[in-house]
Amino acid sequence: MHAPLLTRRTALKLVGLGVPAFALSSRGSVETAARVKTILTSGQSLPVIGLGTWRTFNVGSDPVLRDARAEVLRAFFAEGGRVIDASPMYGSAQEVIGHGLRKLGTPASLFSADKIWTSNGTATREQAAQSARNWNVPAFDLLQIHNLVSWEAHLPTLRKMKEEGIVRHLGITTSHGLRHDACERIMKTEPIDFIQLTYNLTHREAEDRLLPIAADRGIAVIANRPFDGGDLIKRLKARHPQAPDWLAELDCRTWADVLLRFVVSHPAVTCAIPATSKVVHLHENMAAGRGRLLNAADRARLLRLFGSL
Amino acid sequence: MIEDLHTYTLDRFIPFTAETYVRLFDRIHAELWPAPLVSAAAGLAVLVFAWRGGWLPATLLLVLGLVSTAIVFQFPRYGELTPVGTVFGWGFLTEAVLLLVWRLRAKPIRPSSSPLASGCGVVLLVAGTVVPSLLAVLDDSITAFAGLFALGPDPTVIAVLGLLALAAQPRWLAILLPIPLLWCAVSGATLWVLETPLCWVPPAAGVLALASAVVRVRESPRVA
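Residue numbers (this note's numbering), protein chains in the order written: chain Y, 1 to 309; chain R, 1001 to 1224.
Hints may be right or wrong, so weigh each one.
[Said to hold, decoys possible] Some chain R residues close to chain Y (C-beta under 8 angstroms, calculated; not the full set): (1) D1011; (2) F1016; (3) E1019; (4) E1080; (5) L1081; (6) T1082.
[Unchecked claim] Stretch-level coverage of chain Y by chain R, calculated; a stretch enters the list once three of its residues show a Cβ under 8 angstroms from a Cβ in chain R: (7) 46–57; (8) 60–68; (9) 86–98.
Hints were generated in silico from the structure; no laboratory data involved.
Glycine included, every Cβ here is placed at the ideal spot set by N, Cα and C.
Based on the provided sequences and hints, a complete structural model is requested.
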């Protein structure tokens, strides 16, 4: 049984501090305004749809695929996208992002999010610096401890780096519904700005504790695996080859759109980071960041219809 | 990190897409042209030598094939995507050395009298050497995820398993089989995660090689 979506106390806090707002996309049109949410610890606003790079950007030195990923980045920035998330664990993804940023020029709007992924607790700064070189950026907007690896050692160092102005935000990550107990302890006892976790239509464990805690403590939430690694879209298309007409009532046009809109319509979620290697899919994903969010009735309807997935 | 490994599903160990994996072989064939023609010729030569009992030249060609695959696929291209590439680059080089030692030190070869072992060996040797080149001419989508002999790991390893099934003495199988069998398992898992229709080929090759090894071990008292 999942906890209520919101307690009244949390709802009031969200309304008071983080009213979802709109920001004009680079197209400058109200009709294409990208929905943003606010990072409560810094006051910065982020579009609700970001870009993940697990698997999709790990293309090595392949010049054709590197340029293709640069086109994904170009389309992402053109649609007003800001948050890009990577990790040293993702093979060559960081270098491929760096290739794209060198080719396109790094926009001032970029919100670069990477991770510390080493069991060597003394290597925090070294790995962060190497990652920044791979990205071709001077520093990161967000550094997250990947899957809580050696977090006890990394977190104090990240805190110092934040005080020194080397990184603007710090956080922790988990995925696949794992490590929620440890995440809860950290969220309740350590001052962090972000948590990244898996949240999608069929993996809603985070609603029980982590999302309410995040809302209560003003911790921004990045939702990874919004399509459950692509599996959700495959299963939806297998059951419903044609997207039903009623999706339009929700301002949605594709399965990717509705799945992402479900994720970012949770009040505690700041943004989702779907990964893609295709520009056409990128546009579908970014559409979920425009138009209305799903209300409780919409979400319940989707859960009834797709709950058996 | 190690304590978390048991929570990882298989797909978390494959940090790239099917498109990227296929492109590895496309790039090798294009950038190293006419290496695919050399691969076809080398594969045919292995078959001819094996047919005529020329085990030393057949082995040397397979050694070169393993070294070539390590140099053009594992280390530079696959190793960029995953540490598995670098690990098996060294694995393939190690296997190449072991094959050389085997051929230089082992007693003269007496091929198995068992139709099963011989049959497995022939199937594997043909499948690893010339079949990929033939299929590439007919429909390269079939070999898109495997590459060619001496340029791609699957055909090269399958050819090695074929030679071992035909010619390796039982006491050498314990030394020569582990690395190729491990690759067959890892490759099968990789191709399965990437949802390729022929993901069963490397594991099936491993099973055939093992079946042949069991037969060779059982018949060894009769092989003086």
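Each hint tested on the structure:
1. D1011: Constraint on D1011(R) satisfied, holds at 7 angstroms.
2. F1016: holds (5 angstroms)
3. E1019: holds (7 angstroms)
4. E1080: Status holds, d = 3 angstroms.
5. L1081: holds (5 angstroms)
6. T1082: holds (6 angstroms)
7. 46–57: holds (count 3)
8. 60–68: Answer holds; 5 residues pass the 8 angstroms Cβ test.
9. 86–98: holds (count 4)
In the structure shown, no violation is registered for any of the earlier numbered hints.
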